[in-house]
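Participant: First to last, the sequence lines map onto chains A and B. Going by the numbering used here, the first residue of the first sequence is number 1, and it counts up by one from there. Going by the numbering used here, the first residue of the second sequence is number 460, and it counts up by one from there.
There's no promise every hint is true.
Only some residues are given here: those of chain B computed to face chain A with a beta carbon under 8 Å [stated by the list, open to error]:
| no. | residue |
| --- | --- |
| 1 | Q522 |
| 2 | L526 |
| 3 | A611 |
| 4 | T614 |
| 5 | Q691 |
| 6 | T718 |
| 7 | P722 |
Think of the hints as simulated: they come from the structure by calculation, not from any bench. Every residue gets a Cβ at the ideal spot worked out from N, C-alpha and C, and that includes glycine.
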Amino acid sequence: MKSPGRIAALTVAALLGVGILSGCSSNSGGGDGKVNLVVAPVLPGATADALKALHERVQQFEKKYPNIKVKAIEYQWTGTTFAAELAGGTLPDVFNVPFTDSKTLANNGQLADITKYFDQTSTAKKWNKNVLDVATGNDGKIYGIPWGPYAMALSYNRDIFTKAGLDPDKPPTTLDEIEQDAKTISQKVPGVAGYMQMTKDNTGGWELATLTQSLGGRLEKVGSDGKVTVTANNAQTKQALNWLKKLRWTDDSMGSNFLFDWSGINQAFASGQIAMYMSGSDVIGSLMQANGFDPKKYGVTTFPLSSDPNAGILSGGNVDVVDVKDSPAQIAAAVKWIDFYRTQPTVDKTAAIDNAKTLAKGDQAVNAPTLPVFDRATWERNQEWIKPYDNIPVENLKPFNDNIFNQKISPEPPAHTQDLYGALDSVVQAVLTDQHADVDTLLKGVNTKVQALIDADSK
Amino acid sequence: MSVQTTARTTSLEHAARDRRRHNPITWVQRGGLTTLIFLLPLLLIFGVFSWTPIVEAVVMSFQKTNLVTAPVFVGWDNFVAVFEDPVFWIAVRNTGYFAGLALLFGYPIPLVAAVLMSEVRRMKGLYSVLAYLPVVIPPVVSVLLWKIFYDASPTGVFNTILGWFGIPPQPWIQDAATAMPSLVLEATWAGAGGTIIIYLAALTSVAPDLYDAAEVDGASIWGKIWHVTLPQLRGILFITLILQIIATAQVFLQPFLFTGGGPVDSTMTILLLIYQYAFTQSLGGAYGQATALSLMLAVFLAILSVVYFRLTARWSDN
């Protein structure tokens, strides 16, 4: 029989165990005077090459800043896990969020204020206010550093184009041409969807917004008094949905699977199930990093704009942000890392070449098409520096790079953007899965739902 | 007189015994402390990991919070918001539809399979293993596997099989009309094994004499099942029914992984809606609505269980 003393000891041990478990997520500074930093610049499932390239960059950084110890992890920021990770203290110190969400998170008090350390970076004064705006809170403080802005584009598989008898150097330049090429591909290359776009987890609404704005429409209108009105049932959104309807039901050129999120459609494209899809212009970076896609097969062109004077291409990008629970020393180190890893390679020749060399050695995209983060001259200078290390055939990117500066950039809908996108997912899914979907009623439903959320904010 | 004395003596004895019972020293001597110490880790772990979150969830259902800034009490606003959300009623209807379909297919199939398997004389073990195998596969793996089977192109696994019999390709999870039945099919496949094993165990407890008696009375195999097997399994059948209703009311995995609630909210269930409130809407701004709906579901299931057990208790007595 066990003595009460032994039982008490076991109880104490159990209690200690619970205590230890609940305390293991702390990641503050180390005991040796070094600052510990967990950064998350690669997606889960990154190839071994991608991890090797990253490891090398970390070593370069630690050499430059010997008192900072960096641990790089694979991580993908998602709205679904963020709040719980933040509350549970398991967020990395540095992670990236899309333009769509950075301002909301900053205003929610969910990101660290980095103003003080940002101002100490060499490029602090160089930033274009319009770009930096996505990382600026309503209080005027800086909550992140933008990088890799991109425009929405049309990615296509050059091999499939050739198989279908189309010229991969002459990709479609209008919606009608996309429709025609998609039809040809679906007829000549069985089992391949000629054109597809995303439909799930808010991406359906994101891409419908791109189509709407490319036709000159807007899903939200901001009044002179700042009041936002949701206008989902506008003529251009209906035109966009009719275009999708034609591809799906008249031409049958969108394949047979209609539930795709961002990573799902990338995977389907990389495995040759989809010939053309709407994507960010920089998506080749992820296709190479996470799907091991061969850049020789890759083609990209600008997404066509209509002649409407309001037509513009939806743009996006990333903002590297810092965990709001970090100590000042960690925030300072985090800003140094972001500056080293993201900003310097765009403005500093040595940094740009070092970065390009490392990426090329690791088979990662060096010249994925992006938009200027500062100004066009800086961007063009940077392109010249990295030219010798380009590993995506330049001629494959030509249709995009030649035309993008002729397109007017158009920002995302401003209020409750993700909620709007989420509500529009259902509309896109309805058009692709139900031939008789009542688009008008569905769009009016979106208006009511999202307008209620916007109105609730001003109460 | 003597009766009174006896009565008084008894009551005094009782009082003394009570005092002894409530005396701390006797309590320790009788092992009360040991019991408490044994109980303590359990109380603590349940307290920290179960009861505290439950209480916090109840409190949160009356708050607006994003887990970082200070929460604000908003009264019944979260409950009102849930009731005013048109998707809530769609989710209720879909969950009912899922539960109904799951009951229609998922409830009788394991019973029939178990009865048939218990009748088999040879290789009983092999059949049990085969039936239980889907339960062993991690649920996420089986859903992802079925997602490949459900490929809606003519070359998809199920569509190829249908093609052998001249049936045209089906859209499976890509169509609002067929998505939910497709989810139920997978859920039935994944869950039947566990229930079959329970029924098989229960069937072994049916006294063979009853079958012998029925046979002497000239009962057919169906007669034996109807008059002997089913009445003998009644208790188990009632339990598995309520367990299945509770489980299907909380269906999450299949709609989450197969369709994300689509196409067009046709597979949006209550639990998936709770998940969306908490994690996808306004970047975690609707925890209040999520906990409010969770609370409503819990109360509904509790009431359902009580009513069910009251009803079945009466039937069982009869």
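Participant: Which earlier hints can't be squared with this structure?
Facilitator: Structure breaks hints 1 and 5.
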